[in-house]
Amino acid sequence: MSTLLEQLKAVTTVVVDSGDITAIEQFRPVDATTNPSLLLNASQLDFAKPLLAAAAAYAKSKTNDGAAQLSLASDKFAVDVGTAISKLVPGRISTEVDARLSFDTQATIAKAKQLVALYQENGVATDKILIKIASTWEGIQAARVLEQQGIQCNLTLLFHMCQARACAEAGVFLISPFVGRILDWYKANTGQSYDAETDPGVISVREIYRYFKQHGHQTIVMGASFRNTGEVLALAGCDRLTIAPALLDELSKQTGELTVHLRDTGATHKAPAALTESEFRWALNEDAMATEKLAEGIRKFAIDQRKLEQVISAALQ
-5 MSTLLEQLKA VTTVVVDSGD ITAIEQFRPV DATTNPSLLL NASQLDFAKP LLAAAAAYAK
55 SKTNDGAAQL SLASDKFAVD VGTAISKLVP GRISTEVDAR LSFDTQATIA KAKQLVALYQ
115 ENGVATDKIL IKIASTWEGI QAARVLEQQG IQCNLTLLFH MCQARACAEA GVFLISPFVG
175 RILDWYKANT GQSYDAETDP GVISVREIYR YFKQHGHQTI VMGASFRNTG EVLALAGCDR
235 LTIAPALLDE LSKQTGELTV HLRDTGATHK APAALTESEF RWALNEDAMA TEKLAEGIRK
295 FAIDQRKLEQ VISAALQ
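Numbering (my numbering), first residue to last: -5 to 311.
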């Protein structure tokens, strides 16, 4: 009997959530995603040491300004890790914009274009890249502009239907609604335990997926941030799922019959009028979980970005 991972790959595009080349080589996903936390972890791995040195040397060759060197070396390291990963996956590599730009539309656009330019220098075509941006109002508007200019985006830190709707209405290529972080909040704030069917993160992604399909939205739904294999299996049939190597390993060792929970049955409803900025902000404000987890996620990515910059600063010395 085939493993649960093999069965899952037959109904869902499996993506590896990692900056570890070894893990990507092992599981051979279609796509791969990175973020500042994963890049920080990757910076400690042997394969990344020459990439750090090369990124520092590249930045020094382009500018004598210390702050500009650090920014450019950080971008170059992220892109070089992404380039190495892109050689192992047939699909796309997602690279994240600095979380500290999450509330600045124009700066997000500029940073996205910088990342794409660095990828192009490495010979990686634009259609192999997704630019990851936090699902703030400002981030979504940046993605709207980038999509219109041919740069496709992956909107992350997504916890609420209003974020998902705004992304779809902006023509975003892909969203990454989080599962495990929603579960974390509910467990901490209710004291209750949840199984896969009552997991509020699973329920959220299922609702987003069905809303998108029923209203004919083309935006891809990629469930993310999993805490256990039960959450992953409960979303079998979702467009894509980005999964950490440890959970992929568990699924590769499990057998049994996979139940497909999500199917695209076609558009059946006319899409409502697009959300306004005030409607978006009010809906997010009314949901304590979404508000808190979005803010926390941005803060944590910013913290790890600063830690990564400390590593890169040492390489620049």
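Keep in mind that the hints are not guaranteed to be accurate.
Straight line, CA to CA, 20 Å or less: simulated SDA-like cross-link-like pairs of lysine to any residue [said to hold, decoys possible]: (1) Lys43 x Arg94; (2) Lys294 x Leu82; (3) Lys294 x Ala78; (4) Lys181 x Gly224; (5) Lys247 x Ala230; (6) Lys181 x Asn222; (7) Lys301 x Leu82; (8) Lys81 x Ala230.
These aren't lab readings, by the way, just hints derived from the structure by calculation.
Quick caveat: nothing in here was measured; it's all calculated off a predicted structure.
Query raised in the report: Between Lys294 and Ala78, is the straight-line Cα distance small enough, at 20 Å or below?
Result: Distance of about 25 Å is beyond 20 Å: violated.
Query raised in the report: Is Lys301 within 20 Å of Leu82, Cα to Cα?
Result: violated, 27 Å
**Report entry** Satisfaction of hint between Gly224 and Lys181, Cα-Cα up to 20 Å
**Finding:** Holds, because 16 Å separates the two Cα atoms, which is no more than 20 Å.
Report task. Would you check the hint for Lys81 and Ala230, treating anything up to 20 Å between C-alpha atoms as holding? Result -> Given that 20 Å is the threshold and the Cα spacing comes to 27 Å, the pair is violated.
Requested in this report: Assess, step by step, whether the Cα of Lys294 is no farther than 20 Å from the Cα of Leu82, and give holds or violated.
Outcome: Outside the cut-off at roughly 28 Å; violated.
Requested in this report: Compare the distance between the alpha carbons of Lys43 and Arg94 with 20 Å, and conclude whether the hinted pair is satisfied.
Outcome: Roughly 25 Å between the alpha carbons, so the hint for Lys43 and Arg94 is violated.
Query raised in the report: Keeping to a limit of 20 Å between CA atoms, is the pair of Lys181 and Asn222 held or broken?
Result: Cα-Cα ~14 Å, so holds.
Query raised in the report: For the pair supplied as a hint, Lys247 and Ala230, is the alpha-carbon distance within the 20 Å limit?
Result: holds, 17 Å
Checked against the numbered hints given earlier, the structure breaks hints 1, 2, 3, 7, 8 and satisfies all the rest.
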